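Going down the list, the protein sequences come from chains A and B. The opening residue of the first sequence carries number 1 in our numbering; numbering runs sequentially from there. The opening residue of the second sequence carries number 302 in our numbering; numbering runs sequentially from there.
Incorrect hints may appear among the rest.
Cβ-Cβ distance ranges computed for the label pairs, FRET-style [unchecked claim]:
#, chain 1, residue 1, chain 2, residue 2, range
1, B, 312, A, 153, 54 to 64 Å
2, B, 305, A, 156, 33 to 43 Å
3, A, 85, B, 462, 44 to 54 Å
4, B, 371, A, 152, 52 to 62 Å
5, B, 310, A, 128, 46 to 56 Å
6, A, 209, B, 308, 54 to 64 Å
7, B, 306, A, 152, 26 to 36 Å
8, A, 85, B, 534, 20 to 30 Å
Hints in this document: simulated from the structure, not taken from any laboratory. On a predicted model such as this, the values are computed, not experimentally measured, just so you know. We put the beta carbon where it would ideally sit given N, CA and C, even for glycine.
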Amino acid sequence: MTGAPPRDRPILSVRDLHLAIAGRGRHTPILRGASLDIAPSEVHGLVGESGAGKTMIGKAVLGIQPSPARISGGSVLFEGRDVTHLSERERRALMGRGMGLIPQDPMTSLNPAHRIGAQIADVLRLHLGMDRPAAGARALELLNEVHVRAPERVLRQYPHEISGGMRQRVLIAIAFACRPRLIVADEPTTALDVTVQRQVLALIKRMQAQEGASILFVTHDLGVVAKICDRVTVLHGGRVLETGETRRIVEAPEHDYTRALIAATPRHDRPGDLLRPVPEALTARLNAEALAYDAAHGSHG
Amino acid sequence: MSWTFLFRRLLLAVPTLFGVAVVVFVLLRVVPGDPIAMLIGPGATDADIAELRRLYGLDESIAVQFLYYLRDLAAGDFGTSISMRQDVMELVLGRLPVTIELCLVAMAMAIALGGTMALAGAYWRGRAGEATVDGAAGFILAIPDFLWALLFILFVVVFALDGLPISGRIGHDVGFRGATGFLLIESLARLRFDAFGSVLLHTVLPAAALALPLAAIVARVLKTSINEAMTQDYILMARVKGFSRARIVCREALRNALVPTVTLTGVQFTFLVGGTVLVEKIFSYPGIGNMAIDAVINRDLPLIQGLVLTFAVLFIAINLLVDMSYALLNPRMRHG
Numbered sequence: 001m002t003g004a005p006p007r008d009r010p011i012l013s014v015r016d017l018h019l020a021i022a023g024r025g026r027h028t029p030i031l032r033g034a035s036l037d038i039a040p041s042e043v044h045g046l047v048g049e050s051g052a053g054k055t056m057i058g059k060a061v062l063g064i065q066p067s068p069a070r071i072s073g074g075s076v077l078f079e080g081r082d083v084t085h086l087s088e089r090e091r092r093a094l095m096g097r098g099m100g101l102i103p104q105d106p107m108t109s110l111n112p113a114h115r116i117g118a119q120i121a122d123v124l125r126l127h128l129g130m131d132r133p134a135a136g137a138r139a140l141e142l143l144n145e146v147h148v149r150a151p152e153r154v155l156r157q158y159p160h161e162i163s164g165g166m167r168q169r170v171l172i173a174i175a176f177a178c179r180p181r182l183i184v185a186d187e188p189t190t191a192l193d194v195t196v197q198r199q200v201l202a203l204i205k206r207m208q209a210q211e212g213a214s215i216l217f218v219t220h221d222l223g224v225v226a227k228i229c230d231r232v233t234v235l236h237g238g239r240v241l242e243t244g245e246t247r248r249i250v251e252a253p254e255h256d257y258t259r260a261l262i263a264a265t266p267r268h269d270r271p272g273d274l275l276r277p278v279p280e281a282l283t284a285r286l287n288a289e290a291l292a293y294d295a296a297h298g299s300h301g
Numbered sequence: 302m303s304w305t306f307l308f309r310r311l312l313l314a315v316p317t318l319f320g321v322a323v324v325v326f327v328l329l330r331v332v333p334g335d336p337i338a339m340l341i342g343p344g345a346t347d348a349d350i351a352e353l354r355r356l357y358g359l360d361e362s363i364a365v366q367f368l369y370y371l372r373d374l375a376a377g378d379f380g381t382s383i384s385m386r387q388d389v390m391e392l393v394l395g396r397l398p399v400t401i402e403l404c405l406v407a408m409a410m411a412i413a414l415g416g417t418m419a420l421a422g423a424y425w426r427g428r429a430g431e432a433t434v435d436g437a438a439g440f441i442l443a444i445p446d447f448l449w450a451l452l453f454i455l456f457v458v459v460f461a462l463d464g465l466p467i468s469g470r471i472g473h474d475v476g477f478r479g480a481t482g483f484l485l486i487e488s489l490a491r492l493r494f495d496a497f498g499s500v501l502l503h504t505v506l507p508a509a510a511l512a513l514p515l516a517a518i519v520a521r522v523l524k525t526s527i528n529e530a531m532t533q534d535y536i537l538m539a540r541v542k543g544f545s546r547a548r549i550v551c552r553e554a555l556r557n558a559l560v561p562t563v564t565l566t567g568v569q570f571t572f573l574v575g576g577t578v579l580v581e582k583i584f585s586y587p588g589i590g591n592m593a594i595d596a597v598i599n600r601d602l603p604l605i606q607g608l609v610l611t612f613a614v615l616f617i618a619i620n621l622l623v624d625m626s627y628a629l630l631n632p633r634m635r636h637g
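Using the sequences provided together with the hints, build the complete structure.
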C-alpha cells in the first residue's frame, strides 16, 4: 500500500477487515484484510470490478451486511469506535446523524407505499426530534437544495410518479437530511442514464462540499472517481491493491491492475483510444494471490 | 378506480346472476324429492295433490316453469315459500342482516388474529416465534369450521362455561326487538348495551368457528408477503434510516404486503359466508344459512332459489369490494 496518510485523524478507519459468507459447510472469503482510511470531509473512492467486495465494505461500515456474511477479523473504526460488533440498538443510534446511504438503485430504494414527503420527514422526526410540521418544512427545504422541480408537489407524490433521476435526488436529500458525518454512496449513478449521471454526481459533490460530510464512494467507474474523489482505494478479491490521491492513481498508477482498470475506462480527453479489458493473465494472477492469502491465513473465525 | 369500472362490474353481475338462476332452477328440478309430498297430510287424495301442484305451478313443464320464474324475478317477485307460506323476499331479507353481522364479526376476528400471527411470525423471522406461528396456522387450518363449532360446544358443555351461550342470537330475558335485524349495530346505536353484550356473546362462538380457518390463511399469506417485502431495497434503506425492526415490519413492509393478502382474503371470505350454512345450524343461529338447511330439508324450491341467489349476490358484492380496495392500498393503481 502506498500514498500519503490522511491529513487528520480519520473519521472512518477500516482495519484489516476480514469477512466471509458461510453457508452449507462452505466458507467463502469476501474481504481479505482490507484497510482504508477516510479523513473528515474527504471523498474516498472505492474502486473494483464486481465481486471485489467493495459494496460489502460499504454495507459492513453501515452494519447492514446480509446475515450469512460474518466479520471474522479486523475492525471498522467510526470516529475511533469499533462499529463491527454493535448491538442493533447501538447501530440504529449511529444512523441518521452519524452515517447515511445513497443507494445504488433509486427505482427500488424508496417505499412505494409512502409519499415522498413522509419518507424524508421520518428520519428528521426520528433523529432530530422534529414535530410533523417542522419536519415537513425541512423536507421541502431539502428538496429545494437537491434541485427537485416543483418540490411542493413532489412532497405529496408517490415514488412511482417521479423519474429515476428525481428519485435519486430525493434519496440524496434523505442521506444528507440529518447532516451525517459519513455517507456511503453505493454506485449511486450506475442505474441512471448518462446525462442524469453527470447532474447527480455534481449534486453529490455540491452537497458534500456544503455539508462537509465524508463520503465512501463505491464505484466500478474510474471516470466517476476522477471527477469526484480526493483519494482512491483499488480493491480486488477483497484485498486492497493500491491506495492514494486520485490524481496520482490516475496519472501514475503503481499496480498493474490499476493500470489495467484505467485502460478499460473510457476517457473524455482521449475519445479515440481503444478500450482494453483487464487481461485474463492478470486476473488469474490476482486470483491465485487471493487463494495463497487464504492458505497462509487459514480461515478466520 | 372510476365510475365506469364500477358500472361495468355491476353490468357483468347480471349475466352471472342469470347463470346462477338457471343452474339452480334446473338442478332443483332434476334431483329427486317432491315439495308437495312434504306438504300434504296423510289423508290427502290424488285430487288434493293435483290441486296443490297447480297452485304452485308445478304441473307445467320445466321450461314453462322457468319462464314464469324469470318473469316473476324480473318483477322482483321471488315467489312464495312452500313450507312457510310467506313471500321469499321478505323471509330472506328478514334473516340476511343476521348472517351479515355474523360474517362481519367473523371477518374482524380472522383479520385481528391472522394479522397478529403474521406480524409476530415476520418479526421473529427464522426463530422459534416464526415456527410457532407456522405450526399454529397449520393446526388451525387442519380443522374445518363446522368441526370447530362442534368442538366449541363440547368445550362449553364439558367445562360448564355457562356464560357462553351455544344457541340462538340473543338472550330471551333481554327485551330487545330491533327494527332492522342488524341487532349489534342497532343496539349500540340505541345505547342498549345489555342487548349489545347479549348478541355479541351469542355471536362469539359461531363467529370464532367461521373465523379460525380464515385467520390461519391470512396468517400464512400475510406472513409470506411481509417476508418477501422485507427483502426489498427500501427495507435496507429503512434500516439505514435507523428504524426499529417492529417499525420496519409494521410501517414499511406491511403496507406493501397487503395487496396479495386482500385478494386472497376476499376469495376466502366467500368460503366463510358459505360456511354459515352449517355453523348457523349447529348454533341454531337464525341467519340465512340456517334457513337454507331447513329449506333443503323441506324441498322448499322457491326459498332455496331465493337463498342461492342471495348468496350469489353476496359473493359478487364481496369480490367487487375486494377489487375496489386495491386502489386504496396500492397508490400505483389509482391513476389507471
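Quiz item: Against which earlier hints does the structure fall short, listed by number upward?
Solution: Result: hints 1 and 2 break, sorted rising.
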